[in-house]
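Chains E and L are the protein sequences, given in the same order. Heads up, the first sequence is in our numbering, so the first residue is 1 and it goes up one at a time. Heads up, the second sequence is in our numbering, so the first residue is 831 and it goes up one at a time.
Possibly wrong hints are sitting among the right ones.
Okay, the calculated beta carbon distance ranges per label pair [unchecked claim]:
id: 1; chain 1: L; residue 1: Lys970; chain 2: E; residue 2: Glu38; range: 42 to 48 Å
id: 2; chain 1: E; residue 1: Ala303; chain 2: L; residue 2: Ser993; range: 56 to 62 Å
id: 3; chain 1: E; residue 1: Gly609; chain 2: L; residue 2: Thr1070; range: 35 to 41 Å
id: 4; chain 1: E; residue 1: Lys721; chain 2: L; residue 2: Gly1012; range: 33 to 39 Å
id: 5; chain 1: E; residue 1: Glu220; chain 2: L; residue 2: Lys970; range: 24 to 30 Å
id: 6; chain 1: E; residue 1: Pro632; chain 2: L; residue 2: Trp969; range: 39 to 45 Å
id: 7; chain 1: E; residue 1: Leu683; chain 2: L; residue 2: Gly1068; range: 45 to 51 Å
id: 8; chain 1: E; residue 1: Asp722; chain 2: L; residue 2: Gly1050; range: 45 to 51 Å
id: 9; chain 1: E; residue 1: Ala737; chain 2: L; residue 2: Thr1070; range: 48 to 54 Å
id: 10; chain 1: E; residue 1: Lys540; chain 2: L; residue 2: His860; range: 20 to 26 Å
id: 11; chain 1: L; residue 1: His1008; chain 2: E; residue 2: Gly389; range: 56 to 62 Å
id: 12; chain 1: L; residue 1: Asn1088; chain 2: E; residue 2: Ala299; range: 28 to 34 Å
id: 13; chain 1: L; residue 1: Lys1095; chain 2: E; residue 2: Lys540; range: 51 to 57 Å
Just so you know, the hints here were simulated from the structure itself, not pulled from any lab data. Remember, it's a predicted structure, so these values are computed and weren't measured experimentally. Glycine included, each C-beta is placed from N, C-alpha and C at the ideal position.
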Amino acid sequence: MGGPVFVHVEDGVITRVRPIVFDESDTPTWTIEARGKEFSPPRKVALNPYVLPERTRVYSDKRLMYPMKRVDFDPHGERNPQNRGRSGYARISWDEALDTVAAEVKRIRAAYGPAAITASTSSHHNWGLLFYKMGPFGRFFNMLGYTTLFDNCDSWEGWLWGAVHAWGYHWRLGVCDNVDMLQDALKNTEMVVFWSVDPNTTAGNYAGQETVLWRLWLKELGVKMVFIDPWCNYTAATLGDKWLAPRPGTDAALAEAIAYVWIKEGTYDKWFVANRTLGFDEFKKQILGKKDGQARTPAWAAAITGLPARDITALAREWAGKRTMLGCGAMYGVGGACRQAYATEWTRLMVLLMAMQGLGKPGVNVWGGASMGPPVDYSFQFPGYSSVGWDTFGLVADKPARNSVTQRDYRLLLPESVTAPPVSWLGEGFCGESIEQQFRPYTCPEAGPDGAPIKMYYRHGGSYISTMTDTSRYIRMYQSPNLEFVVNQDCWWQSETPFADIILPACTNFERSDISEWAAPGGYGAISIGQNHRIVVYQKQCIEPVGESKSDYAIYTQLAARLGFEREYTEGNSEEDWIKKIYNISSMPQHMTYEDFKKKGYYVVPPPGKDYKPTVSNRWYYEGRPCDIPDPANPKAGTSQLGTPSGKIEFVSRSLSERFPDDEERPPLPRYIPSWEGHESELAEKYPLQLVSSHLRYSFHTHHEGKSPWLDEIPAHRVVKDGYAWWPVRLNPDDAAARGIAHGDIVRMYNDRGAVLGIARLTGRVRPGVVHSFQSSARYDPLEPGNPASIDKGGCVNLLTPARMISRNVPGMASNSCLVEVARWEGQPR
Amino acid sequence: MTRYGLLIDIARCTGCYNCLLACKDEHCGHDYPGYSAPQPMTGHFWMNIVEKERGRFPRVKLAYTPVPCQHCEVAPCVAAARDGAVYRRPDGIVVIDPVKARGQKQIIAACPYGAIYWNEEADLPQKCGLCAHLLDAGWKEPRCAEACPTGAICFGDTDDPASDISHRLAAGATETLHPEYGLKTAVVYRGLPQQFIAGTVVFGDTDECAGDVRVFLSGGEMHRTARTNSFGDFEFEGLTPGGDYRVRVESSGYVPRNFAVRTDKDIYLGEIILSRLP
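Generate coordinates for the entire structure from the input sequences, incorporating the hints supplied.
Structure representation (structure tokens):
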């Protein structure tokens, strides 16, 4: 995660981790000519900061060094599930650990059926392709047969459930591709509106700090940057020309008011609207107040958003008067605003606003974070981890794994599926196959003889406690007697490790080999290039596994052996055999022999030559030509149609009109709907502050956090006070003063769901009424271990977020619809 | 003659902390005899990053100033050291000898930049050595410059007119950090945060953002003019801390507004509402 590296090893110990720096034998890099200047990136990788301390993460004192068993867990006697989270652990041998796991798997399958076992990983994993989570984990569990736990479409939520119904792109989970965007922007763009996006923090997802330079180039060219965010994020605070801070949950109102100004002043692309969209007249009626009597004026939106009406008018005029990119709506510029109540309305309005300005014309487009679409060779083939779903080995295996179990569970409902079944939801999580896939109803346990209650949970790394919603639910789940057996396989002791019965130590990607293309997820993320160069890396094993840890592949192979399907699982391949097979199905053999590749360690894909013709995203649509974007998954490739039923941008969604015509919470025509947990809610009287928990800056979610002492020394990450590294809680100085809170006080942030301690930072970077605290603390540190209602000292703010879904038919997480109060912590030293 | 320098371009620094983390990766737990003893795992910031929040809601910005050892030409730490424990190399790098400097706590206080850190366990003062051990082994640049994603940290031979740093130095003025210390440093900056005066102008009669309005700034001998943008915002940057200034906002048909401002910190004047002339 965060960039390919050179790793220095001396005497079997990692000594340095550095960005890959190209040498003279690597391909020349590219140049873009724009507005009389030339732009070229440096010939090295720009890593994300948390990659540099990787050796401290590999050698962290939190590494799991040997298998362990919970001392009060006896598979043949008392299991004491109620003690999960407060028990001790004893070291056991690998044989005992794997024998116990295999025996439990057999017992549970025999007693309840194979569907009684569920398992999951985190959303992301130590980087690689073959040995990424979809490989060893995916192949093993699909071969075994288990209840697949659908991941909710976390990064995209509102885009999947909303924007799909406006412009299609379901195969990209509701966001568009971003091909050849950089050259278009450098040549033509005059302004970028970054709506709920902090690209310097989350740019390109896995692509490190590569595109920070792009945004500096834009500034150099005089391109204006407007940021819309309740918190003045890092990109806004260093590069922004204007920061507008609407109250959380009110973005859709702001969008409607912008449309109002454009309609009133006639400053929208009437030709595009007439020829490339459907349903505008209905939308216009709504905006002008002819449907419900409420014109969507700037004054109306001002009262809701807390922004001055004049600023809303000025923004609308600037946007219409300049060639403007919208910095959200592609991967990655998905934004926290897509994870809140009624987020579907905001995402659709984003598409519709860009439709009103002529999406796809030069300099005018949806450009996620201003962070994707460099001049690279898109024809070079290398698979990504999600190219074939949950068995990466299936790319080259004789027999890809197919799950024989039909029962499914849903990550956001996992606790209730264990403690209070049945649970129901719509869709298959990552619904990339069709629009209809997100309408499919599910129940867990499934009806019929193949359904089974969930009795076993196999946790392959990660922590939901600080990344899902209302997360004390997961703690209660672990302590439920319904959950007979829990395994946790991880590299480190993390928040959920102390809830397991058996702990299996896995090694990191530095301790095993793999092959991958940098930052390339494939599948829904295909051709989303957020870095300056495409690089394929032979991730050569650097050191022996630490302690008794093993590679995930070795662990699952040994489990498969005990369960009778080792040969099927491995097909006789070693890890190196699999790697070579992947190499041979990619474009690599045309450029380098495998031996040369292993020796060099990496290959920089040459950029296209001077005769390259850019194919800018959405340009084909604007011009009414067949789609010329090299997107392998587009079902309408070769036509001039978008993925909607009509093929056009739909102001009034046909898919929703057909399926949910009367859904007031996601109507066919989008509109602002007051949040069910927002500033106008009744609950706001008790908990008047709105919590915004954006993506962590100095870690990739929980991956690096809590494992490197160097990250704790960055004050924006944690602040050490009285020997403890506290999680920052950012308050507006007026809100802090009203509560007698000083900068540096330890505070308790709380609501009815839980309480979290942090250190107060008084800052003008949050609007009054808003608290900012990052998600993804990797340190669940309850004052009372084992008590799900305990105050957490470690900063897991998702203990406070709501479990309620985005809306009635939209089972997405609404993390940013969260009301809290903050007070000086009574427990701190005077 | 090789003469190493560092140019730190504040406008390109976005506070990623790559430089500090690369420095720690290079030095924590690693011994480079003759150059530096291992840096303790925590507590030292040989590349210190000073984050400054400027302004107030809703007009805030962040400035990041990376502060390594400044490698002064006539360094106070050299003078404060006994037995030549700190010395300046011909190429400009100032080195603390990791053996000779043992026990010499007084070296810490000698540095006005606070760039020297005490290693309790090794009984040794320590600081940035510009990764001299790497440069002498043929590396192109120190770890901080290598890890910097934007070229905010530019390293090179300032005596070589063809070097990247020479080109960048020639492209504009540079500044010394804390010039009042009177030290000639090998580390120079561009765009060090000073103070700003900003405001948002509003037409009181229409309640619209007052765009394209003239704003005059004067202070002592200095006069500057700006025009508000479409949001009515204006900003005068790079002002002397603790200076006395006058700001005048004028728009035809409106009563001008005048402000007396002292820049003891960054000043956001807030909304400046213009009333119509009677």
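Now the hints, each set against the structure:
1. L/Lys970 - E/Glu38: 42 to 48 Å: Once the Cβ atoms are compared, 23 Å apart, the range 42 to 48 Å for E/Glu38 and L/Lys970 is violated.
2. E/Ala303 - L/Ser993: 56 to 62 Å: The hinted range 56 to 62 Å holds for E/Ala303 and L/Ser993, with Cβ atoms some 58 Å apart.
3. E/Gly609 - L/Thr1070: 35 to 41 Å: Once the Cβ atoms are compared, 52 Å apart, the range 35 to 41 Å for L/Thr1070 and E/Gly609 is violated.
4. E/Lys721 - L/Gly1012: 33 to 39 Å: Holds - the Cβ-Cβ distance for E/Lys721 and L/Gly1012, about 36 Å, lies within 33 to 39 Å.
5. E/Glu220 - L/Lys970: 24 to 30 Å: 25 Å Cβ-Cβ, so the 24 to 30 Å window holds.
6. E/Pro632 - L/Trp969: 39 to 45 Å: Once the Cβ atoms are compared, 42 Å apart, the range 39 to 45 Å for L/Trp969 and E/Pro632 holds.
7. E/Leu683 - L/Gly1068: 45 to 51 Å: holds (47 Å)
8. E/Asp722 - L/Gly1050: 45 to 51 Å: holds (47 Å)
9. E/Ala737 - L/Thr1070: 48 to 54 Å: violated (30 Å)
10. E/Lys540 - L/His860: 20 to 26 Å: With Cβ atoms ~22 Å apart, the hint holds.
11. L/His1008 - E/Gly389: 56 to 62 Å: holds (58 Å)
12. L/Asn1088 - E/Ala299: 28 to 34 Å: 31 Å Cβ-Cβ, so the 28 to 34 Å window holds.
13. L/Lys1095 - E/Lys540: 51 to 57 Å: This hint holds: roughly 52 Å between Cβ atoms.
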